[in-house]
Amino acid sequence: MVDAFPLQLILNIFVALIFLLYWGLTFVILYHLARFGIGVQPKRFAAIFLFGSVVLSGFAIIFLNNIDIQSFIPL
Amino acid sequence: MINKLISIFRDSPNSFDDQEKGEIVLLLLRRHIFTILAPLALFLLACLVPIVTGIMFYSFISAHHLLYLFYFGSSLWYMGIWMAIFYALTIYTLDTVIITDHRIIDNDQRGLFYRNVSELHSHRIQDVSTRTNGIIETFLNFGDITVQTAGSEKQFVFHQMPNPIKVKDTIMQTAATRDSGVKAL
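For the protein sequence lines, the chains are S and V, in the order given.
To convert, note that position 74 of the first sequence is 277 in the working numbering; the numbers rise steadily by one, no gaps.
To convert, note that position 25 of the second sequence is 43 in the working numbering; the numbers rise steadily by one, no gaps.
One chain only, chain V, in its complex shape (with noise of 0.2 Å):
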C-alpha cells in the first residue's frame, strides 16, 4: 500500500489530457532549469529579510516582549516566500511541450487560470529550425525550436527548451515516420 503510494513519486507515466489510444509520448520537454534559477535566487534572498532585521532590531524586540510577535510575523514572511516559490515551480512545470508519434502540443501556462493549449499534427510539420542566443544558452545548450507548419499557417516556437539539437532531430524523425507510413520503434 505505502510502496505504492510512494511509486507515484518515481515512475508517475506522462500521459495527459486527451491522449488518443496508442499514441506514445517520445518527449516530455520543459524549459531549462536556469531559466527559472533568477526567480528562485530572488526569493531565496527575500529569506534573508527577516533574519537581517532580528539581528538589527534584537534589543529593541526583547527589550519590548516582542520576540514570539516578530517570530510569528516571519513564519508568515517565510509562508508567502513558500507559495512564492511553488508558484512559480507550478507554472515551470506546467509549461511544457509534448511530442508523442502522432502530435506536438504546446502547453502554454502563463498563470494558473491562464492556459494556452496548442495542436500540431506530424503530417503538417515542414521544417524545424533551432536558435541558440548567446553565451549561456550555448554553454548550458538550450535554446528556441521553430516549427513552420504547411503553407501560411503559424510558427510554433518552443522558448528555451534544453538540447534543441536533439529535440529538432525527434520532431524530424516522427514527420518523416508518418509521412512514410512506417511505425517507429
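Pulled out of the complex, with its shape left as it was, chain S reads as follows (with noise of 0.2 Å):
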C-alpha cells in the first residue's frame, strides 16, 4: 500500500491557506460593517454573515474529515 501521507499533507495545508484566506477576508468585511457601518442594517449583516460562515466553514471540515485520501492513491 503505498503511504497517504504526503497527499494528506498537502491537502490539509491547501485547506488551511483556503481556510485563512476565507477568515481573513471575513474579518475585513466584518470590521468594515462594525467600524464604518451607520444604523441597524450593517449589525444585522454582520451577524448573518459571521453565523452563515461559521456554518459553511463547519460543514467544510465535517466533509473535508470525511474525505478517504487511500482511495485516491492507486494501488
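To be clear, the hints were calculated from the coordinates, so they are not data collected in a lab.
Every residue, glycine too, gets a C-beta built ideally from N, C-alpha and C.
Hints are not guaranteed to be accurate.
As a list, the in silico DSS-like pairs of lysine-lysine whose alpha-carbon atoms are at most 27 Å apart [unchecked claim]:
1) Lys172(V) with Lys184(V)
2) Lys22(V) with Lys246(S)
3) Lys39(V) with Lys246(S)
4) Lys186(V) with Lys39(V)
Across the chosen pairs, the derived CB separations fall in these ranges [stated by the list, open to error]:
5) Asp145(V) with Leu220(S): 50 to 60 Å
6) Arg149(V) with Ala237(S): 30 to 40 Å
7) Phe131(V) with Phe275(S): 31 to 41 Å
8) Phe208(S) with Arg133(V): 44 to 54 Å
9) Asp145(V) with Arg238(S): 30 to 40 Å
10) Arg128(V) with Gln273(S): 45 to 55 Å
With the hints as a guide, bring both chains together as one complex.
Listed below in C-alpha cells is the structure:
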C-alpha cells in the first residue's frame, strides 16, 4: 500500500491556506460593517454573515474529515 | 445583558464619525434596494452550479468514492458565494448619503479600501434637482438627486436614491432653515 501521508499533508496545507484567506477576508468585511456601518442594517448583515460563515466552515471541515485519501491512491 | 446585546440589531443610532455635538441626522440614504438585486440574482444562480454538477455526474462521483470530496468542494464553492454576496452587500451598505440639519455627507464606497467622503454645508446649497430615468425608476420611485452648490463649485450627484422628491424637499427645507436661522423641529 502506498503511503497516503504526503497527499494528506498537501490537502491539509491547501485547506488551511483557503481557510486562512477566507477568515481573513471575513474579518475585513466584519470590521468594515462594524466600524463604518451606520444604523441597524450593517449590524444585522454582520451577524448573518458571521453565522453563515461559521456554519459553512463547519460543513467544510466535516466533509474534509470524511474524505478517504486512500481511495485516490492507485494500489 | 442579552437584551442589551440584541438591542444593537433593533435600535442602533444613526451616529457617524465626526458627528458634531447637537447635529441631528435627518435622513440616512442608501441606493434603492433594486440596484443590488441584479448581482444578488447572479450569485443565487451560481448556487445552482454544484447541484447541477452533482446531478450530472452523480454516477461517476459515487462509483469513484468521491462523494465527500464533492461535498467538500461544494461547501468551498458556497463559502465563496457567501463571501461574494456579503462583499456586495457591504459595499451597498457603506455607500451612504447622510443628511443632517448642518450638512450633507456623501460616503462613496467603491471597494473595501477605496472610499471617498464629500461634505457639503447646507448654507452653500443653491439648487436641488431630481431625475428619474426610465420605467423601472418611475415605478419603483427612485432616481438621481443633484445638489448645486454656490458659485462655480462642483455639483453633488446622488445616484439611484429612493423617494427623490421627499429627499429634495428635506434638503431644501434644511437649506432654507439654515438661511433663515430658524431651527427646524
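Quiz item: So does Arg128(V) sit 45 to 55 Å from Gln273(S), Cβ to Cβ?
Solution: holds, 49 Å
Quiz prompt | Distance restraint between Lys39(V) and Lys246(S), which requires alpha-carbon spacing of 27 Å or less | solution = Given pair Lys39(V), Lys246(S) holds - Cα atoms ~24 Å apart, limit 27 Å.
Quiz item: CA of Lys186(V) to CA of Lys39(V), is that 27 Å or under?
Solution: Given that 27 Å is the threshold and the Cα spacing comes to 25 Å, the pair holds.
Quiz item: Is the distance from the Cβ of Phe131(V) to the Cβ of Phe275(S) consistent with 31 to 41 Å?
Solution: Given a distance of about 40 Å, which is inside 31 to 41 Å, the answer is holds.
Quiz prompt | Distance restraint evaluation - Arg149(V), Ala237(S), Cβ atoms, bounds 30 to 40 Å | solution = For Arg149(V) and Ala237(S) the Cβ distance comes to about 35 Å; the hint holds.
Quiz item: Lying within 30 to 40 Å: is that true of the beta-carbon distance Asp145(V) to Arg238(S)?
Solution: holds, 35 Å
Practice problem: Note whether the CB distance of Phe208(S) and Arg133(V) lies within 44 to 54 Å or breaks it. | Solution: About 47 Å separates the Cβ atoms of Phe208(S) and Arg133(V), which means 44 to 54 Å holds.
Quiz item: Okay, Asp145(V) versus Leu220(S) on CB: inside 50 to 60 Å?
Solution: holds, 55 Å
Quiz prompt | Lys22(V) paired with Lys246(S) [C-alpha distance capped at 27 Å] | solution = Judged against 27 Å, a Cα distance of about 14 Å means the pair holds.
Practice problem: For the pair we were handed, Lys172(V) and Lys184(V), check the Cα-Cα distance against 27 Å. | Solution: Given pair Lys172(V), Lys184(V) holds - Cα atoms ~23 Å apart, limit 27 Å.
Of the numbered hints given earlier, the model fails none.
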